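Numbering of the sequence shown is given in my numbering, commencing with residue 37 and proceeding in unit increments.
Honestly, the hints are just simulated from the structure, not real lab data. Please read these numbers as outputs of a predicted model, since none were measured by experiment. Among these hints, one or two may not hold up.
[Stated by the list, open to error] Distance condition first, Cα-Cα at most 16 Å in a straight line; then the derived EDC-like pairs of lysine to aspartate or glutamate: (1) K104 to E118; (2) K142 to E178; (3) K186 to D86; (4) K189 to D123; (5) K80 to E116; (6) K71 to E116; (7) K142 to D163; (8) K179 to D160; (9) K72 to E89; (10) K186 to E129; (11) K150 to E129.
[To be verified] Derived Cβ-Cβ restraints for the label pairs, each shown as a range: (12) Y60 to I164: 17 to 27 Å; (13) N153 to N101: 22 to 32 Å; (14) R63 to K131: 23 to 33 Å; (15) A50 to K136: 37 to 47 Å; (16) S167 to K80: 18 to 28 Å; (17) N121 to L57: 38 to 48 Å.
Here a beta-carbon is modelled for each residue, glycine too, at the ideal position from N, C-alpha and C.
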Amino acid sequence: MNTGIAFIGIVCVAICAIPFLLTYSSRKRKQNLEKKEFDTFLMKHQAQLDYSESCGNYHIGIDENKMKLYFQLHTKHLIEQEVVNLDEMSHAEVKRHNSKKGTIDKLVMILYPKDKNLPSTFLDFYDINLSYLPSGEIESIEKWQDVINKTIKHN
37 MNTGIAFIGI VCVAICAIPF LLTYSSRKRK QNLEKKEFDT FLMKHQAQLD YSESCGNYHI
97 GIDENKMKLY FQLHTKHLIE QEVVNLDEMS HAEVKRHNSK KGTIDKLVMI LYPKDKNLPS
157 TFLDFYDINL SYLPSGEIES IEKWQDVINK TIKHN
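Start from the sequences and build out the full structure, keeping to the hints where you can.
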């Protein structure tokens with residue numbers, strides 16, 4: 037009798053845990069594929085990153101020797117990759133787009149060029165249409181604003 041109840045309990049726990057395990061393994065597989073894409077992108081540009089980070093749907097890194105910023109964003113259907121020459125930039129600034137309810141809809145890093153005739157570069161760190169809730173993007177974008185501005189000032 038006790039073994040039957042224990043068996044039923046184990047089966048119920050397994051049935052409840054399976055969706056979480058499948059979601060976790062799917063997310064890990066997706067992250068590994070995104071990281072491989074970013075590594076291929078970096079190899080194509082012969083980049084040696086001094087700082088890098090992966091968070092949410094993006095990967096970012098700086099090669100201080102080349103003064104380049106590498107950014108990759110995974111959207112639902114495509115991969116956006118951007119190389120920014122930091123020698124041509126004056127500073128970076130974070131813009132938050134909030135909804136009427138006060139929630140963050142979008143986090144964007146804007147890189148302003150030294151030459152005012154050139155367009156600014158926009159890097160989307162978070163978009164509510166791609167991720168339901170921010171998971172570290174707020175801290176990450178603020179950290180990267182500081183890293184980028186310090187890198188620009190040192191050269």
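Consistency of the hints with the structure:
no.: 1; hint: K104 to E118; result: holds (10 Å)
no.: 2; hint: K142 to E178; result: holds (14 Å)
no.: 3; hint: K186 to D86; result: holds (13 Å)
no.: 4; hint: K189 to D123; result: holds (10 Å)
no.: 5; hint: K80 to E116; result: holds (15 Å)
no.: 6; hint: K71 to E116; result: holds (13 Å)
no.: 7; hint: K142 to D163; result: holds (4 Å)
no.: 8; hint: K179 to D160; result: holds (15 Å)
no.: 9; hint: K72 to E89; result: holds (14 Å)
no.: 10; hint: K186 to E129; result: holds (12 Å)
no.: 11; hint: K150 to E129; result: holds (14 Å)
no.: 12; hint: Y60 to I164: 17 to 27 Å; result: holds (23 Å)
no.: 13; hint: N153 to N101: 22 to 32 Å; result: holds (28 Å)
no.: 14; hint: R63 to K131: 23 to 33 Å; result: holds (28 Å)
no.: 15; hint: A50 to K136: 37 to 47 Å; result: holds (44 Å)
no.: 16; hint: S167 to K80: 18 to 28 Å; result: holds (27 Å)
no.: 17; hint: N121 to L57: 38 to 48 Å; result: holds (44 Å)
The structure meets every hint from the earlier list without exception.
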